[in-house]
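Colleague: Chains as they are written, first to last, in the numbering used here: chain A, 27 to 639; chain B, 27 to 639.
There may be inaccurate statements among the hints.
Note that the list lumps identical chains together, so a pair holds whenever it fits in one copy or between two copies.
Listed next, the in silico DSSO-like pairs over lysine-lysine satisfying Cα-Cα at most 30 angstroms (straight line) [what the hints assert, rightly or not]: (1) K633 <-> K63; (2) K249 <-> K52; (3) K52 <-> K498; (4) K172 <-> K559.
Read the hints as simulated data drawn from the structure, not as lab findings.
Number of protein chains: 2
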Amino acid sequence: MKDQNVSQANFETDARHPIKTRHPIKRRELIDVAMGKAAADIIVQGGRLVNVATAEIYGADVAIKGDRIAAVGDVAYAKGPNTRVIDASGRFITPGLVEGHLHQYHSYLGVTEYVEALLSHGVTATADGFYGPGIVAGVPAVHFFKEAFERMPMRLIFLVPTLSWLQNRELGLTPTPGVGAAELKEILGWEGCYGLEEPPYLPVVEHFPEFLDLFDETLRQRKVITGHAAGITWRQLQAYTAVGVTTDHESVEVNDALAKARAGMTLLMRQGSGCFDVPEVVRTHTEFRIDPRRLAFCADLASPEKLMTEGTIDHAVRVAIAQGVTPVHAIQMATINTAEVFYAQRDFGVVAPGRFADLVLVSNLRDFAIDTVIFGGAEVFKRGKFLIDLPRTEYPGFLRGTVKLPGAVATNDLAFKVDTKRTETEVRVIGVTEGSLETDERRAHMPVVGGIVPADIDKDVLLLAMIDRFGKGTGIGLGFVQGFRLRDGAIASTANAVCENIVIVGTNPIDMAVAANHLATLGGGKVVVRGGKVIASVGLPICGLLSEEPMEAVMSKFSRAFEAIAELGCPLRNPFSQLEFCFACGEIGNIKLSEEGLILIHPQPHKVDVVVA
Amino acid sequence: MKDQNVSQANFETDARHPIKTRHPIKRRELIDVAMGKAAADIIVQGGRLVNVATAEIYGADVAIKGDRIAAVGDVAYAKGPNTRVIDASGRFITPGLVEGHLHQYHSYLGVTEYVEALLSHGVTATADGFYGPGIVAGVPAVHFFKEAFERMPMRLIFLVPTLSWLQNRELGLTPTPGVGAAELKEILGWEGCYGLEEPPYLPVVEHFPEFLDLFDETLRQRKVITGHAAGITWRQLQAYTAVGVTTDHESVEVNDALAKARAGMTLLMRQGSGCFDVPEVVRTHTEFRIDPRRLAFCADLASPEKLMTEGTIDHAVRVAIAQGVTPVHAIQMATINTAEVFYAQRDFGVVAPGRFADLVLVSNLRDFAIDTVIFGGAEVFKRGKFLIDLPRTEYPGFLRGTVKLPGAVATNDLAFKVDTKRTETEVRVIGVTEGSLETDERRAHMPVVGGIVPADIDKDVLLLAMIDRFGKGTGIGLGFVQGFRLRDGAIASTANAVCENIVIVGTNPIDMAVAANHLATLGGGKVVVRGGKVIASVGLPICGLLSEEPMEAVMSKFSRAFEAIAELGCPLRNPFSQLEFCFACGEIGNIKLSEEGLILIHPQPHKVDVVVA
């Protein structure tokens, strides 16, 4: 995507500086430029400023020194012989967009490729705690990703990945080494840490009171507790906000969203892959007329394809405007409102003196198509092309080879055995529904053949397996699932939210074993197997979660994998996501499989047998 | 003001707890009440909630546990047999009002009396750094006042008193011991410190770069730099905001205010004694339609009379509504907007779970007359009466006896001597104008009698003196002033902003010496002298700045002093304020007297002789 005609010399990276631009500077160095005693490095000239601080739009130029803004308005006095002018005429200037809650690792993309995708859609700041890598490879992994992001042209709103600790614990399962409870507090103190990433309601209040100590310490450090309030009751909402949680990104219904806003939360309205909540949640403002300052945007989950094509926060702006939000309010929701959640508006989210020079130029506020992206005073993206090379990311050895099996998985390991002489049995089945990540409990009568319960392809009751890949010794959990409609073969992955184990759905144990063993060979990824052969795969060798290939290669491999899955008969739009959510992943859904067996979630998580009768 | 029929037992103070209510609790103790597993201590029932988070008004009850809010809405389930109900029917519930910038010491009232006055007008949180006591008695004084406030039913938004260090230094004069530069950084780290109190523009940027290190540290600690941007130019504004200043309370003109809001500042619109800025500054919203979230209120300076009668933030709400601001927006300006400046909205400024139970009940949003004040879950004030005794404040010895003169001041010390044989000379005169704290330079031809220049009462050119009261050895500065129109006697004070020296205006050196010596006897205060006798005085023995008498006694003494001053011929409405501002006090005005001589402020502060020819 790089424009080879543009010199790279104007964009240097330096691992010693957390913020990488041509000239990272201290705020005091802006004074002489503001006062007219020194020239600006860059002036963005001739544009109309969307001032999100005042909700006004007017003509204003932006004088930049190093990576920060020195003055905004009539700054002609700051133009010197070496000042570069960026022509913004005919365009609007907005702050760089701020992502309030998005997990890089769920995109499968490496750091460089992911940042490139965000930047090309105008996002210049993003909140992330890297909880997936934390589950797989602990504090060093979290630290590695934080530092890798800080080398990128992207403001990282780093948050403590509480799920790296919580993970399997939430359902009473054996955790990966992951991140220890004491380490969460240590991470909270890291320079550049803004608070906690989505400690969910239930464990916090009902199971793990030690979380509350971490909450108190977070508030003491003037940091933020972002929330995850999926499906909580009104009383639980009161309790959750009472302990200091100030955001939620899980609202899917307007009355639920209203209750949260009224309890003082800022709603990070989600518009991501598989979640399209803005049209409903924004009704709190468009229909119920609440103060728009309570609303901001996030994507939470975004596939490479979404990142590349429709974008994330820029897309949410367009959706909000289409729902009747004024462009200025929508842009506030995409910038200052999110920055204020994190008390970061002194650094970004506003085009004003002292802030980082992270700007977006657009020709039309309603289309909100990103024309130019300026990060830290450097033009990084313009009319579809990158003007810089992003720093490559080199991954250390400890992030590789994380699929640890005690030996090759045998077909027999994945055969569902029952201790009965009968020829039929009743089993619990995890029900999967297109368009929902919830799972429901179903029952099926299944034949027993020589003590083994095979899949029943005609009834669409398929085999499901989770295999411990961390050497925990927990082994293999087997069960049944309905909804995938595979007629043949198996699909498997080394990722599922909060466990990150090997997960497989298949029509027979032979293909499933081939899939598991191929994942071990790849060091992690996604595979599709038919007739004992791998017919498609996506290698995710970094933590078994992330690719290190260019985005186009990743997308191409995913496309091939989705084709192969469709060829096996599966009609689901997001088969890998649906597969992941059949397994332990917090409070979403009623019935889950783990490597330790089947679990019913409500009213309290407890293990049950698959076989009912 | 105490209602003797009400038991005091429901309001205990405990010096070990920074927040004093009946039951200071941890947030986690709210969970059981929110969940319906335990009863609330108090339910505020039947009112209509002004929800400043969403800008809505609707019926809602408030369940309180200890000093915090557990749930807001339909909380009937939280009512137990011992739950006390506060009837709010027919009234609106708003958050306790938040004062963004007000100096206790300029009210001359002791801590208890001052807090009582604020509370009776609905203010439950106030920002202060105690810079006056800091100038006089250093860090221990600042620490004492911080702790004294934290024993009161009042949330203190404690700020580092940068003026305790800057004081005389700003004009190149000899400082009091006051607070050292290194101590400012130490104070910044104190528990409960929210940031810096009004480091003014000029010294910060042009004279004292060490301030900028303190700024960086403040931002690193996620704390706030409140500003003082009186009369700065547009370019200076850009520089000031660039280094991280995010508020200003000095806007007096709408275009100036617009520029500050556009630079990202929140405007603390001032409505105090001698400053009535809300009607002009609020035009930024009512006329120029900027986002009202950029506007909040403060009083800055408030006399005991103002505190008692019209109030401060409650008055500002009434003024804003009268100017066309909607009641909800005006109440946001008085609560959440101010809290957000300090990143304190998780603790106060909103009626929502987890926040302190600081509430105000009013019958009518437009009158906004305070009916009931609830602090930390305790009803403290209702229909004109206090329901509690506020804790008394005991002042330690080091805050007393702070008027230190090397010996009695002699009449001869205050005679203005010139080394000339001529019978007339030309002198510089500090010009004072009713209604303004600015001073202008004038000239006067004065008679010389035996080498002495007496006051010229007919021309209203009077003697002015500042006397070092800290043992600095800087002695006595003498000069002339016009505007007081005294026909007789002298008036004197131990307070003037940033110097806190003895200051005197008089018609003759005899009465002036009597005044100075009487101030030393009082340990500080205000005196009016006529014919060699003290005809009125207000003792301010705490730091020479504060009374320890009840408010009524202080007001009565001030009334008598103002009468006496009027009897001497002075028509000024605020003669003590006008007197104070004839002396060194930062960048306000052009010509000032100090104990080291006369100073012209612009373009750079420099000493000049009083005698011109």
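Colleague: Give me the numbers of the hints this structure contradicts, sorted from smallest to largest.
Modeller: Going through the list in order, the structure violates hints 3, 4 and respects the others.
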